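Those protein sequences? They're chains A and B, same order as listed.
Numbering-wise, the first sequence is residues 0 to 198 according to numbering that gives the first Met the number 0.
Numbering-wise, the second sequence is residues 0 to 198 according to numbering that gives the first Met the number 0.
It should be emphasised that the hints constitute simulated quantities derived from the structure, not laboratory data.
These numbers were taken from a predicted model, which means no experiment stands behind them.
Note that beta-carbon positions come from the ideal geometry of N, C-alpha and C, so glycine has one too.
Be a bit skeptical, because a hint or two may be false.
Unchecked claim - Here are the computed lysine to aspartate or glutamate pairs in the EDC-like style, where the Cα-Cα straight-line distance is at most 16 Å:
#1 A/K37 to B/E1
#2 A/K16 to B/E1
#3 B/K22 to B/E1
What the hints assert, rightly or not - Short derived list, chain B residues pointing at chain A, Cβ under 10 Å:
#4 V11
#5 E12
#6 G19
#7 T24
#8 L28
#9 K34
#10 T45
#11 L47
#12 L50
#13 N53
#14 D65
2 protein chains.
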Amino acid sequence: MEYPSKLIENAVEEISKLPGIGKKTALRLALHLLKQEKEGVRELSTALVELRENTQYCQSCFNISDSNTCAICSSYKRDGELICVVEDTRDVMAIENTSQYFGLYHVLGGIIMPIEGIGPADLTIQALINRIVATEGQVKEVILALPATMEGDTTAFYITKKLKEVGVKVTSIARGVPVGGELEYTDEITLGRSIMNRL
Amino acid sequence: MEYPSKLIENAVEEISKLPGIGKKTALRLALHLLKQEKEGVRELSTALVELRENTQYCQSCFNISDSNTCAICSSYKRDGELICVVEDTRDVMAIENTSQYFGLYHVLGGIIMPIEGIGPADLTIQALINRIVATEGQVKEVILALPATMEGDTTAFYITKKLKEVGVKVTSIARGVPVGGELEYTDEITLGRSIMNRL
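Just chain A, with the same shape it has in the complex (with noise of 0.2 Å):
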């Protein structure tokens, strides 16, 4: 494709490397930062740079924060005894938004997926481990909210592995079928494990 000036071409380029924008949809984007005022595109460009090179991440949970600790890990009200490990920071606003878990978490960073080379030294497991030991046993279980996919549960063998040396309780989130959901409509490997793992 050729592109009326340099400088949109250059723009395309940059937009289209985000995932999942292509070129065209990068082109519509940059067309329309074109009709925008210029204060508002410096606005969204220094929030982008400052997102980078400020964001910091809470020394003890690892998710995305202001400040050295973040707010659910400094908050009295959490229960202690509690850590939910996570994917990302997403899944911490996924749970935090039922309102119905109380505890702290650990975000892992990512999953163990050898495909695209992440290995379990990438993620924040040994820190993990190592938190769990610092606070001599007040940790009493650990529940892993991981995706239901191969990699998800590939890494939950792993952690489950590596805590039991340490001696503390793990379980996993339920899977079965979803509130709300249709018996006839859910795939035969979620129904199946829903009656295995029958309360």
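Place chain B on chain A using the hints.
Same frame as chain A, now just chain B:
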């Protein structure tokens, strides 16, 4: 939704101002940027600001350009007797991709949309008329390549009326059954028009 940090909240806020991008996608993009090299994010950010601040428009056809006069308007290979009127840069790119048109362009910068508050004065219609008058009869034909929507038709009607006063021939791109299209799957209006406007 509660975000884990002000920086990410701000970034999501800014990204979700883009058309077609909601809060969930914005968060996904923000988390993607957090995993990228700082240099990459700075490049994206600079590309956006430079696009907005330094983009020039061709003085003659109002297409996006790196200089005062765009590559098409300044090319001696293009036929100055033909002007093709389009809504925006994307249409110029689409027509250029056909390699079937060798005349000049005129970019309106939008179409007449009363609901959005866009009237003829917000577009480059008067500049088109001035441009044609200034060439003293060099322009023989103006081809309208506007969207086949109610707004596109309104704009075409308005421009046709204005250009009649100038005394230049005005044509429109053909509407009809797309090449490769089956008659039975073509909507009635298109099919009806394609019979009416048979060659």
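Okay, the hints, checked on the actual structure:
no., hint, verdict
1, A/K37 to B/E1, "violated (29 Å)"
2, A/K16 to B/E1, "violated (27 Å)"
3, B/K22 to B/E1, "holds (12 Å)"
4, V11, "holds (9 Å)"
5, E12, "holds (7 Å)"
6, G19, "holds (7 Å)"
7, T24, "holds (7 Å)"
8, L28, "holds (6 Å)"
9, K34, "holds (9 Å)"
10, T45, "holds (7 Å)"
11, L47, "holds (5 Å)"
12, L50, "holds (4 Å)"
13, N53, "holds (6 Å)"
14, D65, "holds (5 Å)"
Checked against the numbered hints above, the structure violates hints 1, 2; every other hint is satisfied.
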